[in-house]
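Going down the list, the sequences are from chains A and B.
Numbering follows this note's numbering, with no gaps: position 682 of the first sequence is 682.
Heads up, this note's numbering is the position in the second sequence plus 1000, with the first residue counted as 1.
The hints are simulated quantities; they were obtained by calculation from the structure and are not laboratory data.
What you are looking at is a predicted structure, and each value in this text was computed from that prediction instead of being measured.
Fair warning: there could be bad hints in the mix.
Said to hold, decoys possible - Short derived list, chain B residues pointing at chain A, Cβ under 8 Å:
#	residue
1	N1029
2	F1054
3	G1062
4	N1063
5	H1155
6	D1177
To be verified - One-sided and incomplete, this derived list gives chain B residues near chain A with beta-carbon spacing under 10 Å:
#	residue
7	E1031
8	P1065
9	I1067
10	A1091
11	H1108
12	L1171
13	A1172
14	E1179
C-beta atoms are modelled at their ideal positions from N, C-alpha and C, and glycine is treated no differently.
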Amino acid sequence: MPTGRFPKTVFRFSLLATLFLVGGEYVAAQTGCSFTISGRILSEHDGEQLGYANVYLIDERVGVQADSSGYFEVNNVCGGAQVLRFSHIGCDAQEIEMLLRGDTTLTVFLHHHDNFTETVTVSSAASAEYTRELDRQAVATLGDVLERTAGVSSLRSGTAAAKPVYDGVFGNRLSLQNNGIAQSGQQWGNDHAPEIDPWVAAYVRVVEGVEALKYAGPTVAATVLIEPAPLRENESPSGTLAYGFQSNGLGNTLNARLTAGGRTAYRLSATGKIRGDQRAPDYVLTNTGRQEINAALQLAHFHNQRWTSRLYYSIFNANIGVLRGSHIGNLTDLQDAIGREEPFFTQPDISFDINSPRQAVQHHLLKLETEFRPNEDHRLTLRYGGQLNNRKEFDVRRGDRDNIPALSLRQWSHLVEGAWHHELAPDRHLDANLQYEFVLNDNVPGTGIFPLIPDYNANRASAYLAYHEEGDRWQYHAGLRVDRQFYEAITITPDPPFRIERFEHRFNTLGASAEGNYRITGRSSLRLGVTLRERAPQINELYSRGLHQGVSGIEEGDNSLQPERSLKVTGGWRYASNSLIVNASAFVQPVRDYIFLEPQPEFRLTIRGAFPLFLYRAGDALLYGSTLTTFWQPNDRWEVDGRLAIVRGRNRTEDSPLVYMPADNLRLGVKYRTGSQPRGWQLSLSALLVDRQTRLDAEQDFLPPPPGYALLEAGLEKEWGLPVKNPSAPGRTERTLHLRLGAQNLLNSTYRDYLDRQRYFADAPGRNVELRLSYEW
Amino acid sequence: MKNLFLLLFALVALVTFNACDDDDPIIENPEEVITDLTYTLTPTGGGDVVTMTFQDRDGDGGNAPTITVSGPLAANATYTGSLELLDASDASDIEDITEEVEEEDDEHMFFFQVSSADLTIAYGDSDGDGNPVGLLTDVTAGAAGFGTLTIILRHEPNKSAAGLAINTPELAGGETDIEVTFNVTIQ
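Whenever a hint applies, use it, and build me the whole structure from the sequences.
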């Protein structure tokens, strides 16, 4: 929840920026109350103008409102000490103290408010959630954090993995960009969570349309962006030490962060996490523990005003337990497991041991970037992103083989990118990039099992160009992207004698998008976007062959598949006054050659019994839906927000619903602050209502979708300022202690979610009380 | 600082080009596979031995498995049943999986489900804890008729589950390593 206090680093930056930008005329002799303070209020994250922000001079009790472009002017202000308070709906308020000695021009950066996320706008400045919000949730996993964005749900494998679902698409169709680099690894697996530490991520956004064209990775419209907070030269040294406790699973999380500015600015973050088995209301979820050790180093070197280089390195290590009772051998086992009072292998007590089945994942990301701005109109960036992903999955096996991974994959990926940003005029710019990506995926030998996914090499070259025009009433965006991909799959023949066969594939895919935004009045606007995207089939769709353990089915790829072609049309209406924001949007997305798993009528007989056989096939699909987001701030103390998401999907070839479509869901939240903004108590209560997924044919699943459910969440938060040794020192350091007590599933409800693949076996976790304590200096 | 970045770029380049090994993958020697199951029924009072065999040497997929039953069981006769499991995926190196099951007999249990036919099966062996395993069984054939016999091997079952019987694998949990069905004739 927002504390009202401006996050410190940003505060410092803003203050400094303010000081730098204080221009205007110094009229030394002028006395009395005839000064003018004017300026512009911008969003800290993307520099977007914040229209209708409020400016209040606390001592003079005078307030003005900025115009639609965020410009404000206060006249006849007295000289001397003044405290200005800037606020904007959806942002944390900020106070600036100054000694006024002349007419002053300010640029004020405000920060997007924590819990509130704007939905994707045309320029897709989009749903930014700030560090503080993520910090609050960092005890949870990234998937949980993402779920708070309107239209985002999670596809889960119990507590072990969560993947985002946006507008009904996920996995191979929704790419993730970690720090501007497409997250590599085994993203095809629905039980493979993205390997990202939520403590490092400061911004989580979903972009689509023109903005999403910029990024690599398979996608049919949208892309999830996960970014750390930027480093600035004028950052003063600061640090955070945070500890979190989770009652469900007795989880402990410790995170430490150190930041310093200067010509070489850095931020170092380290996280350790240990959690035991979680608990459903009626029983322990045996073997659902989790251990994580992550670290990240962020470096920026400001060579000169025109040239900046950045380095980012992160390592993610996790050992994740998978519910013991969800490990099954064949379809009979699955049917035995369904409908039990409690899962097989349930132990009476929780344990911190992680046994098979489990996943051990390690992910390295190295990003190097150098940015050169020869003049104000051009910005050139050269970027390298390298990733190494090691994934080992351990099954319950015979003959002491539990410690030999059943699946062991190693993937190297390298991305080289050159990007160009060109300002044509104050309201028009061009964006372009060229990318080359190389992926090398190997099965690490020694598993004693034929691999599900073959070894492969993939190469991709792409070019992107976009034009943005942001006029007063009209805004236009248009973009084009072309990708040329080359795969070489190195497969093993299915029948003995086993031989190696190499297959090559070349795909050319196109992406094009045009969007427009029209401001009807100062407060409401309409937008429309059309995006065409082609997605080349991924390696699992072309070549997977074998038993997919979690679903008890044999899956076989089809190497004659062609790229999917998707056309997404979105429209929306947005209203924003200084106390109310309403955002309504709808989309329709037909997809040609949509790749899906088709169940085959005959079963495949093996020594372990008969298994259903699924083949990857292409057909036609149609997705449509809408989201409604509202945010209302009647006064300083109260905040109310609501988010509704509805999505439908049909497979038109089979005339059946698409599987894994999120059920209709509504999130409602209310927040109350006692006392003045910075240091009061803050109370929040939110409810999540999820309907039953009724649009599914009986033969599409082993079990009908679970009933709808409602979950209640509560939070209590406070921040204390600690005494500072030398408060008047320049760049004064502020020390704060932040406490948060929160509870999820407050009523300890027993429920199962349709998008959770563990729902066949067990209930979702019960009540969790969380304590988070952080000290910042 | 500039040198540091150059160094890092060089390092990256090195890693990139070193990583481009394009060797053929190593073909795994599947270790845990069971390809052959043979259930041998030896009559206690003399007569013809009946063998039931399930064989799928190329693993899941590929060619369909072959299921053979050597002949009918004699009505009103008793048999001693014994199971043999093989991994014959590599014809030059046939492994006896029965031994592996014997070594870990506390983690394994066979179940026998009969439908229609008048056939009664009882465990004839036990593990170190005194719980049944099922590698050896006592079989009684009753009146003449037809039916099926399903043999199931569960790994890591709960052998102390309440109400557990020779035909109730669903109470034991665990993973199914084997589930094969034979046609049975008693005459």
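Here's how the hints hold up against the structure:
no. : hint  : in the structure
1   : N1029 : holds, 7 Å
2   : F1054 : holds, 6 Å
3   : G1062 : holds, 4 Å
4   : N1063 : holds, 7 Å
5   : H1155 : holds, 6 Å
6   : D1177 : holds, 6 Å
7   : E1031 : holds, 3 Å
8   : P1065 : holds, 6 Å
9   : I1067 : holds, 9 Å
10  : A1091 : holds, 8 Å
11  : H1108 : holds, 8 Å
12  : L1171 : holds, 8 Å
13  : A1172 : holds, 8 Å
14  : E1179 : holds, 3 Å
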